[in-house]
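Q: One-letter residues, chain by chain:
Number of protein chains: 2
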Amino acid sequence: MGSIYLGLLHYPIYNRNGDIITTAVTNFDIHDIARTSRTYGLKKYFIINPLQSQLDLAAEILDYWQNGAGAKYNADRKEAFHILQTVPDLADAVHSISVAEGQKPIIVATDARNYGNSVSYRKLRQQIETTSNPLLLLFGTGWGIEKTLVSSFDYLLEPIYGCSDYNHLPVRAAVAIILDRLLGEDWWNSSDVK
Amino acid sequence: MGSIYLGLLHYPIYNRNGDIITTAVTNFDIHDIARTSRTYGLKKYFIINPLQSQLDLAAEILDYWQNGAGAKYNADRKEAFHILQTVPDLADAVHSISVAEGQKPIIVATDARNYGNSVSYRKLRQQIETTSNPLLLLFGTGWGIEKTLVSSFDYLLEPIYGCSDYNHLPVRAAVAIILDRLLGEDWWNSSDVK
Numbered sequence: 001m002g003s004i005y006l007g008l009l010h011y012p013i014y015n016r017n018g019d020i021i022t023t024a025v026t027n028f029d030i031h032d033i034a035r036t037s038r039t040y041g042l043k044k045y046f047i048i049n050p051l052q053s054q055l056d057l058a059a060e061i062l063d064y065w066q067n068g069a070g071a072k073y074n075a076d077r078k079e080a081f082h083i084l085q086t087v088p089d090l091a092d093a094v095h096s097i098s099v100a101e102g103q104k105p106i107i108v109a110t111d112a113r114n115y116g117n118s119v120s121y122r123k124l125r126q127q128i129e130t131t132s133n134p135l136l137l138l139f140g141t142g143w144g145i146e147k148t149l150v151s152s153f154d155y156l157l158e159p160i161y162g163c164s165d166y167n168h169l170p171v172r173a174a175v176a177i178i179l180d181r182l183l184g185e186d187w188w189n190s191s192d193v194k
Numbered sequence: 001m002g003s004i005y006l007g008l009l010h011y012p013i014y015n016r017n018g019d020i021i022t023t024a025v026t027n028f029d030i031h032d033i034a035r036t037s038r039t040y041g042l043k044k045y046f047i048i049n050p051l052q053s054q055l056d057l058a059a060e061i062l063d064y065w066q067n068g069a070g071a072k073y074n075a076d077r078k079e080a081f082h083i084l085q086t087v088p089d090l091a092d093a094v095h096s097i098s099v100a101e102g103q104k105p106i107i108v109a110t111d112a113r114n115y116g117n118s119v120s121y122r123k124l125r126q127q128i129e130t131t132s133n134p135l136l137l138l139f140g141t142g143w144g145i146e147k148t149l150v151s152s153f154d155y156l157l158e159p160i161y162g163c164s165d166y167n168h169l170p171v172r173a174a175v176a177i178i179l180d181r182l183l184g185e186d187w188w189n190s191s192d193v194k
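Sequence order for the protein chains is A and B. Mapped onto the working numbering, the consecutive letters of the first sequence carry residue numbers 1 to 194. Mapped onto the working numbering, the consecutive letters of the second sequence carry residue numbers 1 to 194.
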């Protein structure tokens with residue numbers, strides 16, 4: 001199994017009207033995704049945003065929890081934030097992984113839409129278990145990653161279907177579910193069912 | 001399959017020092033857990049807090065997204081909030097379910113700790129599929145639900161182990177993972193692996 005990385009993409013992203021925008025960094029995404037990523041053993045969580053003002057905001061929040069009052073108040077949070085890194089562009093994240101791992105990561109996009117070329121959770125989980133390639137899991141914000149960019153990656157993961165006609169999971173919940181499906185214990189094989 | 005309900009408990013909860021406290025309602029928990037619960041087809045999401053000031057705060061946020069500017073801005077959010085209800089006490093949630101369903105719910109607590117009497121995800125999933133009983137899934141806030149209360153429920157779910165030495169999932173992520181394990185599609189049975 002290779003190292004697993006996560007990227008949260010803020011550009012190019014669809015807004016509700018289908019326009020391409022840069023989304024804002026949110027406090028929610030920083031905290032929850034860092035904690036979940038750390039729990040599932042990820043090597044790094046990249047916040048990818050081209051706007052310097054947004055990276056500065058993320059850095060300020062990070063500094064509070066790593067060096068400020070937050071670090072004393074909550075050491076667990078400090079530890080989760082160790083894996084967080086802000087970069088302006090996806091290429092910077094890929095470069096950083098390539099330097100650390102000695103090879104380029106396989107890039108897997110996630111999307112609530114199905115573009116027809118998607119890989120199943122079972123197949124990707126099996127691939128993770130059997131190869132040593134680093135993997136970068138990319139999540140979008142807003143109304144999803146711009147589609148020509150999505151189709152340029154190595155894989156697109158199947159959508160999460162839930163079990164209702166409503167399909168508006170927060171990205172924080174999608175991250176949790178997807179990391180659990182790909183990397184969590186194989187609870188469905190437990191033998192305690194009579 | 002019976003109706004599934006979720007409760008987020010704010011008292012009696014441990015703080016970091018092991019004291020029993022009432023935790024605050026957070027905007028995070030309201031939004032993310034409502035959206036995830038709605039995606040997985042839950043019938044109701046109860047926010048359980050004995051403090052009237054906290055219930056008022058939740059009601060104010062709810063009103064903004066159901067009747068205020070938020071309802072126009074984001075109809076999906078409005079829909080997710082339809083299933084949210086605030087109550088001062090667990091007994092009120094149980095009573096409300098009993099009235100709606102004509103029978104008391106089976107109460108399943110979730111906790112990051114393992115108290116030795118836990119039920120597996122596989123077993124509970126199978127029980128959900130084969131019985132018509134309503135089920136109330138209870139999540140704690142802060143550092144978890146007070147332990148004598150936990151042991152008074154019908155079942156305690158196994159902890160989520162993740163895959164690292166770090167075990168500090170946000171409750172919002174725990175909700176997402178647990179609803180997916182109990183109610184999500186059986187992705188591990190997909191047949192596209194060669």
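By construction, these hints were calculated from the structure, which means they are not laboratory data. Some hints could be false.
A pair holds if it fits inside one copy or across any two, identical chains being indistinguishable in the list.
[Stated by the list, open to error] Taking lysine-lysine and the DSSO-like style, the derived pairs with C-alpha atoms no more than 30 Å apart in a straight line are:
id, residue 1, residue 2
1, Lys-78, Lys-123
2, Lys-123, Lys-44
3, Lys-78, Lys-147
4, Lys-147, Lys-72
5, Lys-123, Lys-72
6, Lys-104, Lys-72
7, Lys-43, Lys-78
8, Lys-43, Lys-72
9, Lys-78, Lys-44
10, Lys-44, Lys-72
11, Lys-147, Lys-44
Q: Next, verify each hint and record whether it holds.
A: Cross-check of the supplied hints:
| no. | hint | in the structure |
| --- | --- | --- |
| 1 | Lys-78 x Lys-123 | neither (34 Å within a copy, 36 Å between copies) |
| 2 | Lys-123 x Lys-44 | within (23 Å within a copy, 34 Å between copies) |
| 3 | Lys-78 x Lys-147 | between (35 Å within a copy, 27 Å between copies) |
| 4 | Lys-147 x Lys-72 | between (43 Å within a copy, 27 Å between copies) |
| 5 | Lys-123 x Lys-72 | neither (42 Å within a copy, 41 Å between copies) |
| 6 | Lys-104 x Lys-72 | neither (37 Å within a copy, 44 Å between copies) |
| 7 | Lys-43 x Lys-78 | within (15 Å within a copy, 37 Å between copies) |
| 8 | Lys-43 x Lys-72 | within (24 Å within a copy, 40 Å between copies) |
| 9 | Lys-78 x Lys-44 | within (14 Å within a copy, 35 Å between copies) |
| 10 | Lys-44 x Lys-72 | within (23 Å within a copy, 38 Å between copies) |
| 11 | Lys-147 x Lys-44 | within (25 Å within a copy, 35 Å between copies) |
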